[in-house]
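Colleague: The primary structure of each chain is shown beneath.
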Amino acid sequence: MTRFVLGRIGFSTLIAVLLAFFTLPLLWLASAPLTSDPTYKVSVPDFTWENFQTILEHPYALPSLYNSLVLSVGTALVVVLLAALAAYALSRVHLPGRDVLLYVLLLLSSIITGTAAMVPLFQLAVDLQLIDSQFGLILILSGGLLPAAIFMLKDFMDATPKSYEESARVFGATPLQIVRHVVVPLVRPGLATIAVWSVANVWGNFLMPFLLLRDVEKQPAAVIMYTLYTEGGQANLRLLSTFGLLYSVPVVVMYLIVSKKYGFRFHGGIKR
Amino acid sequence: MFLVFPALWVLYLGLTNYRLTGVAAADPQIVGVDNFLTALGNPRFWNSTWLTVEFVAGSAVIGQAVLGFAIAWMLRDRRGPLRRIVEGIVILAWILPSAVVAFLWVALLDPGDGTLNAVLGLTDFAWLLDHPMLSVIVFNIWRGTAFSMMLYAAALGNVPPSHLESARLAGASGWQQLRDVVFPHIRGHVLTNLLLISLWTFNDFSPFMLTAGGPDGKSEVLAVHVYNEAVRNGSLGYGAAISTIILLINLVVAVFYLRLLRSKR
Amino acid sequence: MGVRKRSLGFTAVLAASGLALAACGQSSGGGGDAIELTIAQNAIAGGKNAAAAEFIDKWLIPKFEEAQKAKGKNVTVKFVPSGVDDEQYKTKLSLDLKSGKGADVIDIDGIWAGEFAQAGYIKPLSELVGPEADSWDGWQQIPEAVQGMATYEGKKYALPVGTDGRVLYFNKPVFAKAGLPADWQPKSWQEVLDAGAKLKAAGVPVPIQINAGTAMGEATSMQGVLPLLAGAGGEVQKDGKWTGASQPLKDVLGLYQKIYGGGLGDPRLQQDAKGRDKSFQRFAEGEVGILMEGDYFWRGVVNPKDGIAKMDDRDQNVGYALIPAMEPGKGIRGQDFVSMSGGALRTVNPHSKHPKEAFELLAFTLSPEALKEEAKNGSVRVTPRTDVNKELLAGDPLLTFISEKVLPLTAYRPPVAVYPQVSVALQEATSAVVGGTTPDQAAADYQKKLEGIVGGAGNIAS
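Protein chains in written order, with my numbering: chain A, 1 to 272; chain B, 1 to 265; chain C, 1 to 462.
Misleading hints may appear alongside valid ones.
Partner residues aside, some chain B positions facing chain C, computed with beta carbon under 7 Å [what the hints assert, rightly or not]:
1. GLY22
2. ALA26
3. LEU120
4. ASP124
5. LEU129
Computed footprint of chain B on chain A, listed as stretches where at least three residues anywhere in the stretch have a Cβ under 8 Å from a Cβ of chain B [what the hints assert, rightly or not]:
6. 48-61
7. 71-82
8. 86-97
9. 103-110
10. 119-126
11. 166-178
12. 181-188
For each label pair, taking beta carbons as the anchor points, the in silico distance ranges come out as [to be verified]:
13. PRO45/A / ALA197/C: 56 to 64 Å
14. VAL253/A / MET74/B: 23 to 31 Å
15. ASP37/A / ASP239/C: 23 to 31 Å
Hints were generated in silico from the structure; no laboratory data involved.
Keep in mind the model is a prediction, meaning the values are calculated, not measured.
Cβ atoms here follow ideal geometry from the backbone N, Cα and C, with glycine treated the same way.
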């Protein structure tokens, strides 16, 4: 009995410490935007709306959030669609050297999401006349995310039983129909996870949009965030904290919706 | 197309003396393995490599994977609000944009005004100066644990409860249950998890936003080293060469994981 | 060389795509001879350098279009804002210029002139625009030294947009507490150190803040090593030879040792990634006695209106003094006082399809009327033109001081491509000294690094 009580206490303490660890850094984001002259100190705010007012009047702030949305949702769609098809194919068709291919792609993807790839990607965009095009940027961003997405989804597909598909095939369904009506529903939480992962990745990406988009009216929030500094590079905390909050809200809302609607886990869909 | 081609281009750039500006921008020359030799003879590069190993081992392999697994394990039988809240907050740390997160941590660790010092009752303890690597490692654990947690939560869901039950009846301790029953079931997931988080952490650039690699290069992991060389210094060829080296290290690590976890089957 | 060939190919493609862009751009209507120009600066409304961005949008562009219309030309101008870190701005601009893109009129930092010219990213104005570039009437108003910033290998590549100067700021109330005069003007380094000792005795936490270390980046060079080096009679590069572990450099590092080893400065502040911001904040809070900075500090940091570390009583409480040479007469050119200056340049993109009109726009941005108008919304700064400065700076004591007392004795950085790397090596040397290395050792290490950067000992003055 005491062991059980001790266990409970230990468990609760652990959870409390964990929650504190993960919550502590977030406090600043809650307090600073509402403070009229914020520093790095977390303090009880004086509940001013002035900072929000300033951001609303900022010529690029709100449009940039819309741009972020376009870019990240676009990329997520491309990534989810292509990754699902590729992962399904790789999971079901036994090609020689398929795992090696996947690992090579994964390694290459790590190099092109790094800084050193900015020149090749820039030149590539120039070459294909994709400079200043959100569509082009979506393709380039997708390229970097796809291998990891395929990798994660393939695991997923491997875990789904093949029996459903076989019975569908017996009834004369085409492969695409099988994917749509049998596989997709089975792996839906996984697709949702990949989608959120892609969105979060693109949402925070600064370098590529900055380099590849010309028109400031097309720039996403990550880029605008970097402009809230002074001539000498000092941070304008008033605007930064407020914009940071507004900038974070959409991803959080999206996560909540997705997790409510589709579940948000890797394999939970199937109970064995 | 958007992947293989630019990646090969980076490998090629690594063999040139290409620079952002100056003569070498107008007319870059192939210099072969010169960049690699320079890197290998550069104490800064070795410093960065060592820090990166610390960073990956500390924050990804030990931090994220272990903490992620621990959370998943503790919450495995729970449903309801507690689980949702814990998972929600951990995931929040994962999906927030990195520019915002950087500010949160700067505010947290600030010596004068920082929340952490206020909580611990310390004054003027400069975390980012005195313990830059520790700060960066803890930061990355905070940032990335969600992925491991979700993966392991899913994996644990696949361990048949009946196996655990029979192990418990046979008198196996918690640790034995983990090792003998749970681990064999989730071996594949451990592999996927370690592979991905190591890879991501190797290429993670976010320490730059906390410390800019400083003080005096004490937190300059390789990804930050590449940025400092390629963007701040304009040595694109050299930066590309370092990227290639990172790629090779990643390759070795991946092969290592594969060997380690496959051979036991 | 493969890279080179490619980019030539791109140019052709680009010319075509540029045309397509122009066609689907603004409502150029039926006028077939409509000219579209773009002007880019590292400024953005609501963010970095917001005042400059607003000025271009609200005044400069309408006025210019109007003036062109009066001449019977249909010109539309579009502003391309940016507003990011200088390094990132430079990266993007370089990539743009390399592949034949970018706005028609562009801003660059003066110190990039050499590397951009070497890379072929910018071209001499007379080649690009024609003789009117050299006969521009503004040149007569621009001091020789400021013109030098825009000159590379004897050719003018750009027009200077402005300049600045460095001084020693001090906090008058803090000085009063330590028994120091409000009209302080040190004549040697020793006098600065003496003042620091008095401030320390009076309990000022950071008596002297002279930037050191790599975390502050170029701010360490411009507001630290270089003005001090000039004060010790040295230059990073002279007559094509670089200065290695010379006596002046050792003197400079020795001063760093005295400040940071002697408890007159805060070594930790120099390592902090946000150290410069914090030093400003602490100056405003009265915790820093003496601070070496450019006029940006006055305009943008402690400015009571919109500074990032506002001081409501700036005009009364912030003092400034010339940076003294090590000893009177020991500075470069035998000067008693020294300073360093930088500044921006504005030029025409070599790929511009309308270089003549682009130059007209460029010259218009530097006309007296435009410069005066730009200063109206509160962002007064030192312009390159002496005629404008006289009138414009009259209301601002510090800027007048800079323009009249500092600019005549200032020096500029060598506008060559390897300078940024040399600058980093200098920062590392100061960092080592602050960390406890002896000045001699740090200077020797610097010399070794320098040899690697500038291509051997042959390029270093012995």
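Colleague: Does each hint hold? Answer for all of them.
Modeller: Verification of the hints:
1. With its C-beta approaching chain C no nearer than about 3 Å, GLY22/B sits inside the 7 Å limit, and its interface hint holds.
2. With its C-beta approaching chain C no nearer than about 5 Å, ALA26/B sits inside the 7 Å limit, and its interface hint holds.
3. With its C-beta approaching chain C no nearer than about 19 Å, LEU120/B sits outside the 7 Å limit, and its interface hint is violated.
4. At about 9 Å, the closest approach between the beta carbon of ASP124/B and any beta carbon in chain C exceeds 7 Å, and the interface hint on this residue is violated.
5. The closest approach between the C-beta of LEU129/B and any C-beta of chain C is roughly 5 Å, which is under the 7 Å cut-off, so the hint is satisfied.
6. Proximity of the region 48-61 of chain A to chain B, defined as three or more residues with a beta carbon under 8 Å from a beta carbon of that chain, is not established by the 0 residues found.
7. Residue count for the region 71-82 of chain A with a Cβ under 8 Å from a Cβ of chain B: 0. That is fewer than the three needed, and the coverage hint is violated.
8. Interface restraint, the region 86-97 of chain A with chain B: violated (0 residues with C-beta to C-beta distance below 8 Å; minimum three).
9. Counting residues of the region 103-110 of chain A whose C-beta sits closer than 8 Å to any C-beta of chain B gives 7, which meets the bar of three, so the coverage hint holds.
10. Chain B is given as covering the region 119-126 of chain A, and this holds because 5 residues of the stretch bring a CB closer than 8 Å to a CB of that chain, at least three being needed.
11. With 0 residues bearing a CB less than 8 Å from a CB of chain B, the region 166-178 of chain A misses the requirement of three and the coverage assertion fails.
12. Residue count for the region 181-188 of chain A with a Cβ under 8 Å from a Cβ of chain B: 0. That is fewer than the three needed, and the coverage hint is violated.
13. A C-beta distance of roughly 43 Å is found between PRO45/A and ALA197/C, which places it outside the suggested range of 56 to 64 Å.
14. The hinted range of 23 to 31 Å is satisfied by VAL253/A and MET74/B, whose Cβ atoms lie roughly 28 Å apart.
15. Checked against the hint of 23 to 31 Å, the pair ASP37/A and ASP239/C fails, with Cβ atoms roughly 51 Å apart.
In terms of the numbered hints stated before, the structure departs from hints 3, 4, 6, 7, 8, 11, 12, 13 and 15, listed from lowest to highest.
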